[in-house]
Amino acid sequence: MRSLIDILDFSVEELQELIDTANDIIAHPEKYSERCRGKKLATLFFEPSTRTRLSFEAAMYELGGNVIGFSEARSSSAAKGESVADTARVISCYADIIAMRHPKEGAPLVAAMNASIPVINAGDGGHNHPTQTLADLLTIYREKGRFEHLTVGFCGDLKFGRTVHSLICALSRYEDIRVVLISPEELKLPSYVKKDVLAANHIPYVQTTDLESVMPDLDILYMTRVQRERFFNEEDYLRLKDSYILTPERLWNAKADLSILHPLPRVNEISVAIDDDPRACYFKQVLYGKYMRMALILKLLQEAGRL
Amino acid sequence: MNIDSIQNGIVIDHITAGQGMRLYELLGLEKLECSVAIIKNVVSRKLGKKDIIKIDSGIHVDFDVIGYVDPGATVNIIREGRLIEKRTIDMPETLTNVIFCKNPRCITSTEQELKHVVKLTDRRNKVYRCLYCETKAN
Chain A
28 MRSLIDILDF SVEELQELID TANDIIAHPE KYSERCRGKK LATLFFEPST RTRLSFEAAM
88 YELGGNVIGF SEARSSSAAK GESVADTARV ISCYADIIAM RHPKEGAPLV AAMNASIPVI
148 NAGDGGHNHP TQTLADLLTI YREKGRFEHL TVGFCGDLKF GRTVHSLICA LSRYEDIRVV
208 LISPEELKLP SYVKKDVLAA NHIPYVQTTD LESVMPDLDI LYMTRVQRER FFNEEDYLRL
268 KDSYILTPER LWNAKADLSI LHPLPRVNEI SVAIDDDPRA CYFKQVLYGK YMRMALILKL
328 LQEAGRL
Chain B
96 MNIDSIQNGI VIDHITAGQG MRLYELLGLE KLECSVAIIK NVVSRKLGKK DIIKIDSGIH
156 VDFDVIGYVD PGATVNIIRE GRLIEKRTID MPETLTNVIF CKNPRCITST EQELKHVVKL
216 TDRRNKVYRC LYCETKAN
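Chains as they are written, first to last, in our numbering: chain A, 28 to 334; chain B, 96 to 233.
Among the hints, erroneous ones may be present.
[Unchecked claim] Quick partial rundown of chain B residues pointing at chain A, CB under 8 Å, derived from the structure:
no., residue
1, E125
2, F195
3, C201
4, E206
5, L209
6, H211
Don't read these hints as lab results, they were simulated from the structure. We put the beta carbon where it would ideally sit given N, CA and C, even for glycine.
Bound conformation, chain A alone:
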């Protein structure tokens, strides 16, 4: 059974197929409005994530399908001690496809190993969040028209930022990508990502703490939030949370066609004064996330023979 647990589960060609479908949905939404009639998406959210859950639900409703599920572990059988494997087997009897969010890393893989329907990883702790990467990829493609020959800056929490790791993995498969890593010392990209992804794929990269000095080089600036929930120590969080705040003044030397992305929610790392700048793409990114989830649901249901 085909599932999406890690962005690398899909080839470059398959990602392009999803992007083409998403673009077609954007151009001709009426063609898709009944495609999932009678089908059910189960959103199994063992930790709250309103935006991701609503994006999945909106995606399924726009395909004409229905949604069942829960939005926190307290209201699920996990509270009674049921295993992820058993939950996956049970839900397979009720739904056609699962979107699972879980605080423990690897939980969606366990679900996929036991379910008889496709499983989509909607985020597992600090590990993977492949549908966010799908949103990021469609945004880059619609803004730039390509994935090749780009200088991509990642700024903020590069240590715990799983969306950063996933997007770097995804981009590492394209030609002539250059990566710029901007973070405080304590939140630098883990060495295994630098070694296993960047170095292994011969992707040139630079590390810096100074955003201003590298700004003129960037085609894409991917901002991230310093996430309170990833810290064991509140003091460390408070010390690092305001490391980078993007303001209109800080864009003085940026390219005119820079694209600013952010997986959202933001706290204060992007000033609201930037929201009206044409280079701000983060709200479009949210919308594109829904279209990519629609394309993904269609692909997985088709491959499972359920459409």
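Assemble chain B onto chain A, guided by the hints.
Chain B alone, transformed into the frame defined by chain A:
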């Protein structure tokens, strides 16, 4: 130093010096009733120094564990005092319930029934990672 040759059993040879004890532990050899010898720092023409384990019993040994710890090791099967089989050991693609994931955020930390599986992700550098959370196994 003399260790008696064995009649029926297994000799794990060409173990990288220093890895013999780890192999002894991961193979669970401390549970055996038979004679088991760990010989450390034996002079070797090929390796300079090596460890050897001799097990005086025809027990089943998990070759995958040997391949995980030390893929250069060889296993000699002895029957009635004669060498009947000599195996070289390759790295296994996966290993189950031998190495336990230590990542407190991994799903294996809360679901006790789940098998602990590590998979080979980098053959050249002998890197294994947890199947679920991809944390590097030691």
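For each hint, the structure was consulted:
no.: 1; hint: E125; result: violated (31 Å)
no.: 2; hint: F195; result: violated (14 Å)
no.: 3; hint: C201; result: holds (5 Å)
no.: 4; hint: E206; result: holds (5 Å)
no.: 5; hint: L209; result: holds (7 Å)
no.: 6; hint: H211; result: violated (11 Å)
Going through the hint list in order, the structure does not satisfy hints 1, 2, 6.
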